[in-house]
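S.K.: Could you slot chain B onto chain A? The hints should help.
Chain residues, written in single-letter form:
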Amino acid sequence: MTSYLIRRIGFILITLVLASIIIFSVTQFLPGDVAGIILGQFATETAIANLREELGLNQPLHIQYLSWAGGFIQGDWGNSLTSRMPIRPIVMERLGNSAMLAGMALLIYVPLGIILGVIAALKRDKLPDQLISGVSMAFVGLPEFVSGLLLITFLAIGLEWFPANSSISPDSTFREAFPYLVLPAITVSLTGLGYIARMTRSGTIDVLRTDYVRAADLKGLPAWQVLIKHVLRNSLLPTVTVVAMGIGWLLGGLIVTEAVYGYPGLGRLIVFSIQRQDLPMIQACSMIVVAVYSISNLIADILYGLLNPRIRVGE
Amino acid sequence: MLKKTLALMLVLFLAAFVITACGPTDSVVDDEESEALSPKHGGVLRSAYYAPTNMDPAFFGTVADDWLGKQWGDFLVYVDEQNMPDPGRSIAESWEADEEAKVWSFNLRQGVLFHDGKEMTSADVKFTFDRLRDPDVGAATVGLYSNILDITTPDDYTVVFELADSNPDFLFDLFDYHAVISDADNDNFATNWNGTGPFMIASYSPEDRIVFERNPNYWMTDAEGLPLPYLDGIEIIFLSDSSAQIEALRGGQIDYLIYLPTEFIPMLEAESDIVVLQAPSNTSYVLRMRSDEGPASDVRVRQALKLGTDRSAILDGAVDGLGTTGRDTPIGPAYGDFYLDVPEPARDVEAAKALLAEAGYGDGLDIIITTQESSPVPAIATIWKEQMADIGVNVEIQLVPSDLYYGADNMWLEVPFGITDWGARPSPQPYLDLAYVSDAQWNESHWSDPELDELAALAAKEMDRNERIRLYHEIQEIFMERGPIIIPFFINNLWGASADLQGMEPTSILGTAMDLRPVYFER
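Chains as they are written, first to last, in our numbering: chain A, 31 to 345; chain B, 39 to 561.
In isolation and in its complexed conformation, chain A is listed as follows:
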């Protein structure tokens, strides 16, 4: 197990190095000149040339990459081109906010998705199943900017239950942020719910067909015991992977939801920095998203091993 872990972490490091090279190269090809972006389109040539020199943009690319990557490892992520402020505290703060939103969303859609999936499997092809499958898949297809605006219109502006805008202050604790998290979390959950319910349903149906479940049934175990002891433990395996992979999506991919609610998470930061061509900020955010994806992938594999002895990695 330990050697497996070391190997996996090694792979993650290689992934990160490769990703950093790709991210750095791709950002070099974005249109526009960094110095020109900082000074605006009407600045003079002299001013732009001076700034290029100051920023080291006249050095060869590989030198620029090494100094960027070296700084990144040592915790110096550079300064934002637009606000001129150090990047790391900004990114870490937004990552924290995204984690709060992700946690809230997971707490809503994972349990709900599993429950709905199990019900659908037990009532297979009957009305509850058709209702659950149909409605949850419809929500998967509904874009977040539609569901978000609908929720705002009804729950925030109509009923005034929740705030319409979720731009929480930078130093909010989870408790302070809670009312602002509800609507964005529901919006995200509407998308995530369908996948979980679907996965759980098909997993559960497969397991319900197995001989050992029939045996448990026949030996007279109460239905709920069969379900929890024998069915769920096996049927939830694929769901675990979906949930863990979802963490990466929740931490970096909530671009639309965060924009609709003005929630200061990583996704909104990425949108802002792309709009402004704030290259160091784009690079830092991308690296964080890659890291989160790699780590949640690893967690998914480890959990899978814990739950399913058959694929557990030998010593």
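Derived by calculation from the structure, the hints in this document are not laboratory data. For each residue, glycine too, the CB sits at the ideal point set by N, CA and C. Accuracy of the hints is not assured; some may be wrong.
[What the hints assert, rightly or not] One side only, chain A facing chain B, incomplete, derived with CB under 10 Å:
#1 T76
#2 I78
#3 S110
#4 E123
[Said to hold, decoys possible] Covered stretches of chain A, going by a simulated chain B footprint (3 or more residues, C-beta under 8 Å):
#5 111 to 121
#6 192 to 202
#7 289 to 299
M.R.: Here is chain B on its own, set in the frame of chain A:
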């Protein structure tokens, strides 16, 4: 074992969640210990807008940069809601120019303090404009202020500008949004915003929000001698999505929005606790035709296209009538008596067809119009296309993103037909100098008309207002007769505010120029 641990963890987790969620939320406690100065004083104005791109005044580039600068900064000359210089709201108490409008001297207000407590003097004013015109600093204003020969400071409260050429509009140039009076001792303009403005930056969280607090030492007072501003502060959340901004206003989470997109106006006007404020502006969407090559180089074609255009229909269809129709000249009704007030040109399909036939396009004409993807430009293009079909002109709409239209290849200066948005300026002269005289930097229609060049040059130096009015009227007649542009309408400046916000005076300059110093909450 595993099962039990998992179950226990789940229970603990849920319990913790429920406890934290249901506990009393520590709302921000208002420690209003200090006695309010008057019923008008107090309250924090909450707003939302796009995030700024550059906070150094010399490199302000976006509307957001401009807007924030107007809160923490002051201007040597403040231009009021009717496009007139207002010494009562300026850093300069009074000013005078010589007869030729070449030497301008300004008497500065005494006792104006920067946010850090330093007194502002003539040295700071000189420094501000020297920095803005220094080619080594490279600000966007180098061209605007290239006419300044020298700035001298006879004493601490007097500044004298010496110009190379006469410039009757010099006061307006001093209200350029970059010209925030800066501290001469500042060593980092990108991160140190030491201004003399009514509000001070308390915290700036990039890409998230900016919080201003009231400047307790601000020099301006209201009619009763009470200190301005009334507001305790301003909090601006950065939202890059206009529907999110609107929802925040409808949901009561913000009190004030600038530059409302026209499509949301009917919805907002239906809300009882929101007011929509508007003022006519000189912001327009200029449908410009290249007059040096292609079909529109023939003046008959330009006249035909103008005759075939129904301006009111475009105004109603594209922006719900929230503006005034144009007369195909860049000088709009917001300029008062400079504007030549003639009736809206009537649409005449037959006359247009006849002119086209005369120009050799009796069998029809195909043109391509390059259209930015930002609202309301595509709507304008679509309605115009339908109108042109009636006179036998087949218009193909080529949609491009705005950043490509104005991008490195300067598409907007090259395409045969395009729609360019021109922001409001406090005087008409810049439009002529920037876009319509033969050697103009942004002569997007490639127009060259010796008579216009001559009149524009005269108007630029004319100190006598009546004579200037005459010149501008003559210029507008040239535009109507043979100009290279169609201006369907001038759009209104639009603001949204919660109904309890008072003291706002809509301005025709820019949406950012609404003066927030006298704004207060009615309790």
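S.K.: Out of the numbered hints, which ones does the structure contradict?
M.R.: none
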